[in-house]
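A.B. asks: Spelled out, the chains give:
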Amino acid sequence: MLKTNWFYILLSLSGQEQHGYGIMNDVLERTNGQIRLWPATLYGTLKRLIEAELIEESDRRPAAEFDDARRRYYRLTKLGRSMLDTEGQRLEQLVGVLRKRKLEAL
Amino acid sequence: MIRFCLLVYRRLARAFPHEFQIVYGADVVQLGEDAIQEIAKTHGVLGLVRLVADLAWRVPVEYFSEIKQDLIYASRVLMKSPGVAVAAVLSLGLGIGVPAVGYSEVNALLLRDMPGARDPKRLLTVEKPTSYVHFERYREHRELFSGVTAYVESLPFKFEHERVFGHLVSPEYFEVIGVHLAADGVVISDRFWRERLNSAPDSIGRSVRLNGHLVTIAGIGPKDFLGATPIVPADIFVPMSMQPDLVPELGENVTRRSDLKVFRVLMRLEPGATAKSANAAADTIARQLDGEGFDADRNKKGQQVRLLPGGGAMPRPPELLPIIFGFMGTLMSLILGISCTNLANMLLARAAARRKEIAIRLAVGASRFRLIRQLLTESILLALGGGVAGFFFAYWLTSAATTMYHKFPTPMPIDLDVRPDWTVLAFTFVLALIAGVGFGLAPALAATKTDFGPALKEGAVTRLRGYRRFGLRNLLMVYQVSGSLMLLIITGFIVLGFSNMSKANAKFDPANLYLLSIDPVRDGYSPNQTASLFEKLRERLQGAPAVESAAFTDVAPGNMFALGSTVFTVPAAGGEPAKVLKSVKKDIAGANYFKTLRVKVSAGREFSSRDEEDASNAAQPAILSEIAAAAMFGSADPIGRRIVNEKESFEVVGVVPDIQGESLGVKPPPAVFVPLTKRAYTRPPSGGMTLMVRASAPGGDAINEIRHEIWAMDPNLSVFNVRTMNEYLEQSTTIMRWTSIVYGGFGIFGLILASVGLAGVTAYSVAQRRQEIGIRMALGARPGQVLRLVMREGAGLVMVGSVVGFLGAWAIARVLSAISAEMAETLSAKQPLLMIGAPLLLAGLAMLACYFPARRSTRIDPVTALRQE
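Protein chains in written order, with the working numbering: chain A, 3 to 108; chain B, 987 to 1855.
Chain A extracted, bound-state conformation (with noise of 0.2 Å):
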């Protein structure tokens, strides 16, 4: 199972490369601003996936006028895409599950 924040991580790296700033704002959108990434809990984790090997800085870089210098880009790895398909499986199968206890209750 994935962690949540890794998981929100991953999702909003799988349409494409973003900076950490991209990311935060990413994930406050999804989620209707219930989440927020705080900036040092969203290095250490972005760290820590890096480690794990499901991302990895990219070498990219977007357009020039979108481009800060300054920040680095993240995108996924194979092994993070199949992670976050996996996770999404998992999470589809779950829901299932529910669904199908509900209809039977009525």
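Derived by calculation from the structure, the hints in this document are not laboratory data.
Not everything, but these chain A residues come out facing chain B in the computed CB check (under 8 Å): (1) G22; (2) M26; (3) P41; (4) A42; (5) K49; (6) R74.
Only pairs whose alpha carbons sit at most 27 Å apart, straight line, appear in this in silico BS3-like list of lysine-lysine: (7) A:K5 - B:K1054; (8) B:K1054 - A:K49; (9) B:K1568 - B:K1114.
Taking CB as the label site, the calculated pair distances span: (10) B:D1099 - A:R50: 45 to 55 Å; (11) B:K1342 - A:E53: 22 to 32 Å; (12) B:V1072 - A:R50: 27 to 37 Å; (13) A:L100 - B:R997: 43 to 53 Å; (14) B:K1027 - A:E94: 30 to 40 Å; (15) A:L100 - B:D1407: 53 to 63 Å; (16) B:T1850 - A:E19: 48 to 58 Å; (17) A:R50 - B:V1423: 24 to 34 Å.
Virtual Cβ for every residue (Gly too), placed ideally from N, Cα, C.
Let chain A serve as the given structure and place chain B on it in line with the hints.
C.D. replies: Relative to chain A, chain B alone:
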């Protein structure tokens, strides 16, 4: 507000661990700066607080994760070289375990409080036994003492059918100790109630036979309470209001006389009073009493009475603490120091081998601090492993020692549990941490000092290591050699000193000799009944066919505690002045004592049964050991001369050889034997009276026959401590023998570590100088010359170490002999053997340890060595 938050934020961000900061520090700060406006807008002040709090929380988390990484890394490194790890843990286990044993023993003897006592720090005890009259005077001083009690310690009682040891106590006893007991009468300990009375609920109020008389159990003491001298536990407490025929010690009007000094006095300090003022007052009281003419030797100088802390396992003279801690501390720090140095050397060698790894880590941005911490983590991990091993070692050794203390044939049971408690565990843990930093820091500092340029170049030699006189490794080695030598000499002295006592060295024939003890007075016999019992027993023994000879005594000979403590005076006669002989051993020898021991009387005669009839009008006969005769009368004939002890006059009737032999230069104490009189067996020592029986044939026949005779006379008479003389000698020497083995083990341990250390240093030096040696050999150096070159270094270290160690040991020996006179005697007798032998032994072994790795240098093939360049 926002600006202030940012300031704090930036400050905190700088507190991240170095590695984290290099990679993410800037990003964290950047993100905070970028987001702070928006956060303040959405979440308000609370958001700002959370922003900072998040950072404050993550800083320790990151540190913790680094430490975790260090630990994982360290255990991986250690796993990779299990040999080194095991060797380190074992050597440290001993290095830590030995001090833990020492601390555990000191803790049990001197540091633990009296169980069951309230506020034991306020308890004082009079150093020496004193009289009841003195006690009553102390008790009057209410301004100093809130309570004072007197008691007679370690007295045997016959409780129903078994012998139990306990105290004879004054009414204040329990109140002074702070034990809540509303009982007036005989009290038993909780331990006794549970173990012997099976926790019978109706025990209180039950009538039992105590020394043959009916008494009622009035109370049971609190849990763990074993009296005021827990080291000699008391299971029964008998008030002094009992009848003297019940307790023989209460006879002779003992509470009215100031010359019978048999009472221990325990006092509780009044809240305002200090131990110092109490001490001064007690001394004044004693002087006053003596001034009133109670004491014959009233003109003594100096302090007469001393109060000691009384709330421990036993009264402890304060001057003992620095000696014990000083001695133990020296010994323990030597052992720990040696084992730490050995490890430091090992780690230094490893650090050299790990140069490349360290250089790489430094190059990729690890801070030096981080690397030092990494290396320290490894050594602390090793040390903790050593600590665990050491604790188990200490537990094993102290358990064995505890069992042995219990088996020791003292007249009264001794309860000395030296097994570790939680304070010892804490001590071990702290010691392990100190050791871990101690042996790890220097190598870690040295290893990370690398200038990593050359280290990274493949095949490069970091530095051609020449003969560095003051290199860290050399210093460590000198310390190790000198420390081992000191340890060897100190433990050598201890081993020799103890082996003195560990050999019973009995100069009599112990074969077919049996011992048994009886104590008729505690079985309820009156003095007259006891006298007739002894007489009848003697007659019956003479007729017993399995018995060759038998004799009574107070304490069987051959005990290592055969120390003299009695004063005898030889009155002036024939123009010679009076002589006073202190520390004489006074023993009771019943009729046929020496015949039974098969010791030939060298002059005069031995006691016969006629000497045992109470001849109070005439001078009693006495027999001197040869040493005593020489000390008292020189070469003059002692037969017929008079000697005086405690106002009693004796006439010398015989001289016997010493039954206790001289060993290692220490002479046995002078001995005076006096006959068995009625007074002796009506007020017997706590071990009762001992009967020595020489059987005419081996096997237990004689002892069974005697038991049978005793039972035939009175089936209720207890016969106890039945054993062969050989068993007795064995039991009384086991501890000493064992102690000398253990100390000897410590010495050898140091010796081995020093040798292994030297071998390691030499091997390392040979490995470092491979190329140099290769070149030398290529240029025509002979193997012998190369060997000498390598050995010279080791020899220098051994020499310097030996000199330093010798001086250190000499200083320690001086201190030891200043502390104890006996130690001084052993030291002076054995000094040459140890002071010359030990350095030679160490130097020989050390050179051997150098030789093997050095020999390898001669097998270096110059072609291979040089090709590596």
